[in-house]
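> Chain residues, written in single-letter form:
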Amino acid sequence: MSHDEYQRYDAKILTPSFIVLLAFTLIGFALIAVRFIKGIGAVSNMSDGYPWGIWITYDVATGTAIACGGYAMAILIYIRNRMHYHPMIRSAILTSMFGYGLAGFSVMVDVGRPWNAYNFFIPSKWQVNSAMFEVALCVMAYTTVLLLEFLPAVLTTLEKTEWKTLQLLLDILYSRMGMERPERIGDRLDKVKDLAAWLKPRLDKVLIFIIVLGITLPTMHQSSLGSLLLIASTKLHPLWYTGFLPLLFLINCMFIGYSIAILESVISCYAFKRPFETKELSGMARIIPWLTVIWLSVVIGDLAWRGQIGAALALDFYSGFFLLEFCLVAGGSLLMFSGKKRESIRWLFVSAVLIVLGGALYRFNVYLIGFNPGKGWHYFPALAELLITVGIVAFEILGYQVLVKILPVLPRLHTRQQLDAEHGVAEKA
Amino acid sequence: MGKPSRRDFLKIIGASGAALLAGRGEATASEAHQVNNETIGMLYDATRCVGCKACMAACKRVNSDYGSLSYERATFDTDGLWDAPQDLSGSTRTLIKLFKESDKQWSYVKYSCMHCQKPSCVSVCPVSAMTRDKLTGTVDYNKDTCIGCRYCQIACAFSIPKFQWNKAIPQIVKCDLCKNTNLLNKGITACAETCPVGAITFGKRKDLLAEANNRLRENPGKYINRIYGEKEVGGTNHLYLSGMEFNKLGLPVLKDEAPAEFSEKIQHTIYKGFIAPVALYSTLCFIAIKNMKGNNDADKKTAEHEKKGEKTNEP
Numbered sequence: 001m002s003h004d005e006y007q008r009y010d011a012k013i014l015t016p017s018f019i020v021l022l023a024f025t026l027i028g029f030a031l032i033a034v035r036f037i038k039g040i041g042a043v044s045n046m047s048d049g050y051p052w053g054i055w056i057t058y059d060v061a062t063g064t065a066i067a068c069g070g071y072a073m074a075i076l077i078y079i080r081n082r083m084h085y086h087p088m089i090r091s092a093i094l095t096s097m098f099g100y101g102l103a104g105f106s107v108m109v110d111v112g113r114p115w116n117a118y119n120f121f122i123p124s125k126w127q128v129n130s131a132m133f134e135v136a137l138c139v140m141a142y143t144t145v146l147l148l149e150f151l152p153a154v155l156t157t158l159e160k161t162e163w164k165t166l167q168l169l170l171d172i173l174y175s176r177m178g179m180e181r182p183e184r185i186g187d188r189l190d191k192v193k194d195l196a197a198w199l200k201p202r203l204d205k206v207l208i209f210i211i212v213l214g215i216t217l218p219t220m221h222q223s224s225l226g227s228l229l230l231i232a233s234t235k236l237h238p239l240w241y242t243g244f245l246p247l248l249f250l251i252n253c254m255f256i257g258y259s260i261a262i263l264e265s266v267i268s269c270y271a272f273k274r275p276f277e278t279k280e281l282s283g284m285a286r287i288i289p290w291l292t293v294i295w296l297s298v299v300i301g302d303l304a305w306r307g308q309i310g311a312a313l314a315l316d317f318y319s320g321f322f323l324l325e326f327c328l329v330a331g332g333s334l335l336m337f338s339g340k341k342r343e344s345i346r347w348l349f350v351s352a353v354l355i356v357l358g359g360a361l362y363r364f365n366v367y368l369i370g371f372n373p374g375k376g377w378h379y380f381p382a383l384a385e386l387l388i389t390v391g392i393v394a395f396e397i398l399g400y401q402v403l404v405k406i407l408p409v410l411p412r413l414h415t416r417q418q419l420d421a422e423h424g425v426a427e428k429a
Numbered sequence: 430m431g432k433p434s435r436r437d438f439l440k441i442i443g444a445s446g447a448a449l450l451a452g453r454g455e456a457t458a459s460e461a462h463q464v465n466n467e468t469i470g471m472l473y474d475a476t477r478c479v480g481c482k483a484c485m486a487a488c489k490r491v492n493s494d495y496g497s498l499s500y501e502r503a504t505f506d507t508d509g510l511w512d513a514p515q516d517l518s519g520s521t522r523t524l525i526k527l528f529k530e531s532d533k534q535w536s537y538v539k540y541s542c543m544h545c546q547k548p549s550c551v552s553v554c555p556v557s558a559m560t561r562d563k564l565t566g567t568v569d570y571n572k573d574t575c576i577g578c579r580y581c582q583i584a585c586a587f588s589i590p591k592f593q594w595n596k597a598i599p600q601i602v603k604c605d606l607c608k609n610t611n612l613l614n615k616g617i618t619a620c621a622e623t624c625p626v627g628a629i630t631f632g633k634r635k636d637l638l639a640e641a642n643n644r645l646r647e648n649p650g651k652y653i654n655r656i657y658g659e660k661e662v663g664g665t666n667h668l669y670l671s672g673m674e675f676n677k678l679g680l681p682v683l684k685d686e687a688p689a690e691f692s693e694k695i696q697h698t699i700y701k702g703f704i705a706p707v708a709l710y711s712t713l714c715f716i717a718i719k720n721m722k723g724n725n726d727a728d729k730k731t732a733e734h735e736k737k738g739e740k741t742n743e744p
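Chains as they are written, first to last, in the working numbering: chain B, 1 to 429; chain W, 430 to 744.
Read the hints as simulated data drawn from the structure, not as lab findings. Do not rely on the hints blindly, as some may be mistaken.
Unchecked claim - Lysine to any residue pairs mimicking SDA-like chemistry, simulated, CA-CA at most 20 Å apart:
| # | chain 1 | residue 1 | chain 2 | residue 2 |
| --- | --- | --- | --- | --- |
| 1 | W | LYS719 | B | ASN119 |
| 2 | B | LYS205 | W | LYS722 |
| 3 | W | LYS722 | B | HIS86 |
| 4 | W | LYS660 | W | GLY679 |
| 5 | W | LYS572 | B | GLU5 |
| 6 | W | LYS722 | B | PRO201 |
| 7 | B | LYS200 | B | ILE406 |
| 8 | B | LYS405 | B | GLU5 |
| 9 | W | LYS635 | W | ASP685 |
| 10 | B | LYS279 | B | ASN81 |
| 11 | B | LYS279 | B | SER344 |
| 12 | W | LYS722 | B | ASN81 |
| 13 | B | LYS205 | W | PHE715 |
| 14 | W | LYS596 | B | ILE210 |
| 15 | B | LYS375 | W | LYS572 |
| 16 | W | LYS596 | B | ILE406 |
| 17 | B | LYS375 | W | LEU680 |
In this text, all values refer to a predicted model and were calculated from it rather than measured experimentally.
Generate coordinates for the entire structure from the input sequences, incorporating the hints supplied.
See the structure below:
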């Protein structure tokens with residue numbers, strides 16, 4: 001796999017959207033500061049009845065599923081052997097990296113005593129019965145794996161860079177101070193370049209083992225995100241409380257992963273004015289309905305087995321949210337079953353949106369909407385609480401926008417056309 | 430019989446190995462939840478309680494200064510006499526409530542940690558900040574390990590652990606049977622010591638059960654004929670007698686199986702001996718490397734093909 005498959009997107013970094021996103025990010029981080037000074041209660045509506053609010057439900061439970069694009073793409077490319085999707089993986093990994101990194105960050109905002117988190121690394125404190133323990137370790141490990149998977153992009157850039165901006169900065173700095181620039185800075189920069197050049201082929205050799213680790217870890221912790229609620233047998237509504245929670249969460253993150261990979265590609269092609277990757281996307285969309293069909297059958301089968309079909313059709317508050325989740329996923333999948341609709345970017349986009357919304361709503365249903373701690377407890381996120389989540393998401397998009405402009409992340413355009421041509425020839429032959 | 434041959438030796442080794450494995454199997458089987466009635470707890474008799482809240486005041490007086498848990502008190506009320514909390518919270522470990530159905534049907538109820546035999550909070554705590562003392566059965570919390578994830582609050586069927594939402598350095602608060610205070614100094618919990626009408630009995634679980642059964646037998650018609658906590662969620666060490674249905678007193682209707690048994694069963698099935706993840710990783714590695722090799726070969730072939738093509742084009 002050569003690194004020439006990717007290219008930097010040459011464009012200005014300071015765009016209007018950059019400034020808007022930066023504003024949201026700053027508001028969010030200011031509120032995070034308030035949270036650390038005055039306590040969680042000062043910014044959130046969480047309570048002893050609803051100890052997990054929007055931060056855990058969205059940023060962690062749903063955010064990591066939305067960040068499963070890298071996981072889904074890795075399965076497709078390396079396990080199902082569809083190497084022609086390889087040019088798309090780097091941007092998927094970048095979004096996964098942001099998703100997971102920021103989920104970890106959100107957890108540190110959400111937990112009350114983050115300074116004690118080092119206990120996760122002390123074996124005598126390990127509590128292997130806890131799904132949370134498994135999720136925490138796996139997510140930390142996977143974030144590291146994602147960083148390693150993304151490292152080639154950084155190394156390629158470092159290797160080829162001429163440090164133009166840095167040189168310019170140094171020149172200005174030294175001329176301001178009225179000094180000669182010392183030689184050794186140049187030497188050091190060269191050393192960094194050498195190191196990057198030395199490291200890259202070595203990393204390439206072991207990268208496949210890291211990539212496979214990057215498939216194993218999400219399989220483990222995405223299912224454990226479902227296991228987290230297994231203990232709440234008395235609080236989670238029977239529509240969602242089932243021993244199949246781990247399996248449902250696993251399949252759920254896969255179809256969200258493929259759908260989000262489609263959405264990311266469509267949105268970034270639209271935003272960066274690149275040709276749509278229709279062929280790849282429609283190929284990928286073929287997998288999704290099969291996953292959702294398995295998921296929906298497990299859901300229905302499980303409800304029937306536990307005798308809860310009546311509750312699902314009761315048309316009350318809970319049944320409403322269940323049916324909405326169910327119909328969004330089923331509707332999106334129905335669209336994707338049709339080969340014609342899969343060829344149209346518009347329909348691909350619509351069905352992927354439906355499936356992501358439905359899949360995400362499922363996670364909201366399990367973590368918040370279907371969670372009922374008893375009489376007298378209510379929860380709706382506070383404005384400040386929402387703004388912290390918005391700030392973190394804004395930071396995520398901001399980081400993606402900036403990094404694709406300084407690192408080779410997006411698929412190289414001319415290679416892509418070549419690949420298409422080759423593909424066409426192969427199909428004819 | 431001569432010296433034992435190599436074969437005999439192997440046989441012996443094999444047999445003892447099998448015996449060891451079998452023994453191990455038994456050990457794991459007996460790990461399943463068992464109720465220990467020698468542990469300590471409390472029996473609360475709602476028919477005796479007069480709702481004076483002396484237990485609440487005593488609890489605060491005795492436990493408030495333990496650890497970092499000093500309660501915010503109004504300057505005019507340094508003794509906490511007029512502190513009248515509505516619910517258990519980050520500054521209240523035990524609480525008396527009144528449930529009134531009609532002028533004739535009403536009852537007080539005391540809330541505090543149930544000290545389950547198989548506690549959910551202990552099962553879910555990722556860093557072992559919640560622990561259950563094997564000897565006394567006390568479910569205790571250690572703020573020096575706790576990361577504040579509040580999973581114990583999600584897990585507890587009784588919603589007992591409370592979090593200090595308005596503190597920059599918060600912690601979980603719940604009853605620990607005066608483990609480090611009154612129990613240590615006087616051998617009895619502060620609430621049981623203070624109760625003027627004997628509504629709270631402190632003792633070993635077996636004695637409490639015997640006493641409760643006694644009261645049920647001797648006063649037919651006075652009580653709901655059941656001890657709450659005897660079987661609920663695998664048994665609790667805080668037991669209740671009442672003249673009103675327990676769920677009317679805010680004590681949830683629960684199954685006999687501990688929720689932690691079910692969740693741990695699933696978690697253990699998936700992660701037993703870490704075999705499944707390792708197997709998954711190796712299988713995926715095998716497939717991925719095979720795929721990579723196949724593709725590299727294909728790449729080489731096309732590359733060679735191109736080279737040949739170039740050569741033929743040259744002249």
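> If a hint holds in the structure, say so; if it does not, say that too.
Structure-based check of all given hints:
no.	hint	result
1	W:LYS719 with B:ASN119	violated (39 Å)
2	B:LYS205 with W:LYS722	holds (12 Å)
3	W:LYS722 with B:HIS86	holds (15 Å)
4	W:LYS660 with W:GLY679	holds (17 Å)
5	W:LYS572 with B:GLU5	violated (51 Å)
6	W:LYS722 with B:PRO201	holds (17 Å)
7	B:LYS200 with B:ILE406	holds (18 Å)
8	B:LYS405 with B:GLU5	holds (16 Å)
9	W:LYS635 with W:ASP685	holds (18 Å)
10	B:LYS279 with B:ASN81	holds (17 Å)
11	B:LYS279 with B:SER344	holds (10 Å)
12	W:LYS722 with B:ASN81	holds (11 Å)
13	B:LYS205 with W:PHE715	holds (15 Å)
14	W:LYS596 with B:ILE210	violated (41 Å)
15	B:LYS375 with W:LYS572	violated (29 Å)
16	W:LYS596 with B:ILE406	violated (42 Å)
17	B:LYS375 with W:LEU680	holds (12 Å)
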